[in-house]
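**Q** For reference, the chains in residue letters:
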Amino acid sequence: MKPLLIEVRLFAALREAAASSTVALELPANATVGDLRQLLVRRWPQWRTLLERCAVAVNQAYAPDQQRLTAGDEVALIPPVSGG
Amino acid sequence: MISLTRQAIDYQALTEAVRDPQHGAVVLFLGTVRDRTGEQATARLEYEAYAAMAEREMRRVVEAAQQRWPQTRIALIHRLGTLEVGEVSVAVAVSAPHRAEAFAACRYVIDTLKATVPIWKKEIGPDGTGEWVHPADISMSDPFRPESAV
Chain A
4 MKPLLIEVRL
14 FAALREAAAS
24 STVALELPAN
34 ATVGDLRQLL
44 VRRWPQWRTL
54 LERCAVAVNQ
64 AYAPDQQRLT
74 AGDEVALIPP
84 VSGG
Chain B
346 MISLTRQAID
356 YQALTEAVRD
366 PQHGAVVLFL
376 GTVRDRTGEQ
386 ATARLEYEAY
396 AAMAEREMRR
406 VVEAAQQRWP
416 QTRIALIHRL
426 GTLEVGEVSV
436 AVAVSAPHRA
446 EAFAACRYVI
456 DTLKATVPIW
466 KKEIGPDGTG
476 EWVHPADISM
486 SDPFRPESAV
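Sequences listed follow chains A and B, in order.
Residues 4 to 87 (this note's numbering) are what the first sequence spells out, left to right.
Residues 346 to 495 (this note's numbering) are what the second sequence spells out, left to right.
Note that these hints are calculated values from the structure, not bench results.
On a predicted model such as this, the values are computed, not experimentally measured, just so you know.
The beta carbon of each residue, even a glycine, is placed where N, CA and C say it ideally should be.
Heads up, a few of these hints could be off.
Stated by the list, open to error - Coverage of chain A stretches by chain B, computed from C-beta distances (three or more under 8 Å per stretch; other residues unrestricted):
| # | region |
| --- | --- |
| 1 | 5-15 |
| 2 | 21-35 |
| 3 | 74-87 |
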């Protein structure tokens, strides 16, 4: 099975910390939102505290950890929000 | 009327958009830029959004309010970009036949927006340095948290 290439959108403190508005990840086929979270924490252990408080959005909707990712999904990391 | 904007919010137009001859109550909430957070002086705020999702979530919040208070008319607008102290960052206008539903729906919309809509603010101090606000009391990691958080 081909690996899954996902470009994750970043916002606010994560976008500034990464100095980029996206990060490209390679995940195993059939990977879930939870797998993506774990990979991000391994890549950026220094931001673990904030990463663990983020939601993941898939195709512009909040997604649970067990949701499977598929090629072409629009994926974003949503740090704790502060609008208003 | 539900939108994000980079222009100053015309809250009078927003209020007029919900007025209705059958409605005897109109509530307008404005969120404005405060000059400090705790001890920290604020010179200005910078707002950023995941715009496409933020507009979808704003529509969801308004639809949920209208399911709960079916007779209301609701308009919601949030500003993005750099805002000076005193400027309006968000406006919610609600009309209803009577004031109780108008107040309740308005409060629900602003409280839910603050907990669920992907918009962020950065506080810039008088020395020009800034910090993103990612409130410690909001954990986004349960994606089904949105309705229960309010």
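**Q** Okay, the region 74-87 of chain A and chain B, do three or more residues pass the C-beta test at under 8 Å?
**A** holds (count 8)
**Q** In terms of beta carbon proximity below 8 Å, does the region 21-35 of chain A have 3 or more residues touching chain B?
**A** Coverage by chain B is violated for the region 21-35 of chain A (0 residues, Cβ < 8 Å).
**Q** Do three or more residues of the region 5-15 of chain A come closer than 8 Å to chain B, measuring C-beta to C-beta?
**A** Check passed, 3 qualifying residues.
Hint 2 alone, counting from the list given before, is not met by this structure.
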